[in-house]
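*Asks:* Build out the structure end to end from the sequences listed, making use of the hints.
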Amino acid sequence: MCIAIPGKIISILNENTATVDIGGIKRKVNLDLIGGADRSLIGKYALVHVGYAISLISDEESEEILKLLRDLMDPS
Amino acid sequence: MENIEQKLISRINEHAAPIRIMHVCGTHERTISKYAIRDIISKDVQLLSGPGCPVCVTPAEDIDFAISLAKSGKVIASFGDMMRVPGTRGSLFDARSDGYDIRMVYSIDDAVKIAKDNPTLDIVFFGIGFETTAPANAAALLREVPENFSMLTSHKLMPPAMEILTEDTIVDGFLAPGHVSTIIGTYPYNSVSERGFPIVVTGFEVLDVLLGIAMVQNQIESGRSCVENAYSRCVNVEGNLKAQEMMYLVFKKIDSKWRGIGMIEKSGLALKKEFEQFDAVNVYADIYEKAQHEKKVSDIDNNQNEMWEGCICAEILTARAQPAQCPLFGKRCSPKNPVGPCMVSLEGTCYNWYKYTHNKGI
Ligand code: SF4
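Heads up: the sequence lines are chains A and B, in that order.
Residue numbering for the first sequence follows full-length UniProt numbering, starting at 1 and increasing by one per position.
Residue numbering for the second sequence follows full-length UniProt numbering, starting at 1 and increasing by one per position.
Just to be clear, a hint being listed does not mean it is correct.
Stated by the list, open to error - Restraint ranges, calculated between C-beta atoms of paired labels, are given here:
| hint | chain 1 | residue 1 | chain 2 | residue 2 | range |
| --- | --- | --- | --- | --- | --- |
| 1 | B | A321 | A | D38 | 43 to 51 Å |
| 2 | B | R38 | A | D38 | 40 to 48 Å |
| 3 | B | D101 | A | E15 | 32 to 40 Å |
| 4 | A | S11 | B | D117 | 22 to 30 Å |
| 5 | A | S58 | B | E144 | 32 to 40 Å |
| 6 | B | E147 | A | E15 | 22 to 30 Å |
| 7 | B | E144 | A | R39 | 18 to 26 Å |
| 8 | A | S58 | B | T169 | 28 to 36 Å |
| 9 | A | E15 | B | I40 | 43 to 51 Å |
| 10 | A | D38 | B | E238 | 18 to 26 Å |
| 11 | A | K8 | B | N13 | 36 to 44 Å |
| 12 | A | G36 | B | R103 | 38 to 46 Å |
Claimed, not checked - Taking lysine-lysine pairs in the DSSO-like style, the calculated list, with each CA pair at most 30 Å apart, reads:
| hint | chain 1 | residue 1 | chain 2 | residue 2 |
| --- | --- | --- | --- | --- |
| 13 | B | K113 | A | K44 |
| 14 | B | K336 | A | K8 |
| 15 | B | K113 | A | K26 |
| 16 | A | K67 | B | K7 |
The hints are simulated quantities; they were obtained by calculation from the structure and are not laboratory data.
None of the values given here were measured: they were computed from a predicted structure.
Beta carbons are placed, not taken as given, at the ideal position from N, Cα and C, and that holds for glycine.
*Replies:* This is the structure in structure tokens:
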């Protein structure tokens, strides 16, 4: 139920709807929960759940994970 | 990343001491079962499955009410996962086989569309799910919804359930659910970590889960208990404030019943008074009262956990038992013929154990 899938925002359809690309499949997604549509969102990745974008995904993913790993492996 | 996964497995195994880590998310169970994470890490590090499957914890009486509505001519729009979960007298799917109008939807927006396209029909959307799903349903109600649309609300909130689990179950730390946390942030878990339980919010890749386990283990080793975030690409401390705002414009917290667990204070959501014209309990008060009355009568032959005889879902949902301990598991109960809610849902623990470990000699 809580499954959410990352999709890339590829176009804005109206004030609260965008098209996202989820693994090659295009879907309409509602953007109300991330503050509505804005052209600056194009190209960004959003987590999509029951037809709604529930958050944007930050690009710094791997760096964050690497930092946590470093802390864990080498706490000094 | 494979190399990193290997390093994490080694780290977990080198530091292995008997600990019990609980996750509370069906999607975590899926990753753990699918990639056999329990088999690749030391047996000392036990991974427990908590009540992370919304359809599994939806009380039978809510399903019964949905069926009563269908029987009195309303159209029920429900997420697919909910369809086969048995109430006290069958499931929505059974009701559909009996000819009642029950439609599967992917989103509340589909249900609203059905209502708009069919002004002569009364559409009731079965709103279930944790904090991940509730804001989307709130957002839809904040837009224009037609008069023939209403919602049967059975949303649940995760942190209060985790607090209860710290009292009822032997557990040393938690993996907190990544997508619930996307909405609520990490701070609501402080109430749990302050009780002495390490918590790590994590995502759903194998790497995320392994990292979460290692971080919980690390907190336990160093005698700390705090909330850490291993899913910062989607989750921050305060969560999605816009989503929270919309959620609490529409819903209010209420004491709520979890199937298999019982009443938990402030662990559910109900529609606020301003939205009562969309609240199925209010709009169809007569049918609700009748369903409640019938429930009291049938309670006599149903146990308090609302599970079928022999089904130990109540224990499974609180990690006091594992599916293999259920005498019906893999015999009378399988995904094709599910007996209890934990076998019905794709997120149910029994379902995942059956799908990924049954018949593999585990
Ligand atoms: S195997 Fe089936 S009957 Fe047993 S606890 Fe799981 S769902 Fe219930």
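*Asks:* State for each hint whether it applies.
*Replies:* The hints, checked one at a time:
| no. | hint | result |
| --- | --- | --- |
| 1 | B:A321 <-> A:D38: 43 to 51 Å | holds, 49 Å |
| 2 | B:R38 <-> A:D38: 40 to 48 Å | holds, 44 Å |
| 3 | B:D101 <-> A:E15: 32 to 40 Å | holds, 33 Å |
| 4 | A:S11 <-> B:D117: 22 to 30 Å | holds, 26 Å |
| 5 | A:S58 <-> B:E144: 32 to 40 Å | holds, 33 Å |
| 6 | B:E147 <-> A:E15: 22 to 30 Å | holds, 24 Å |
| 7 | B:E144 <-> A:R39: 18 to 26 Å | holds, 25 Å |
| 8 | A:S58 <-> B:T169: 28 to 36 Å | holds, 34 Å |
| 9 | A:E15 <-> B:I40: 43 to 51 Å | holds, 48 Å |
| 10 | A:D38 <-> B:E238: 18 to 26 Å | holds, 21 Å |
| 11 | A:K8 <-> B:N13: 36 to 44 Å | holds, 37 Å |
| 12 | A:G36 <-> B:R103: 38 to 46 Å | violated, 29 Å |
| 13 | B:K113 <-> A:K44 | holds, 28 Å |
| 14 | B:K336 <-> A:K8 | violated, 36 Å |
| 15 | B:K113 <-> A:K26 | holds, 20 Å |
| 16 | A:K67 <-> B:K7 | holds, 14 Å |
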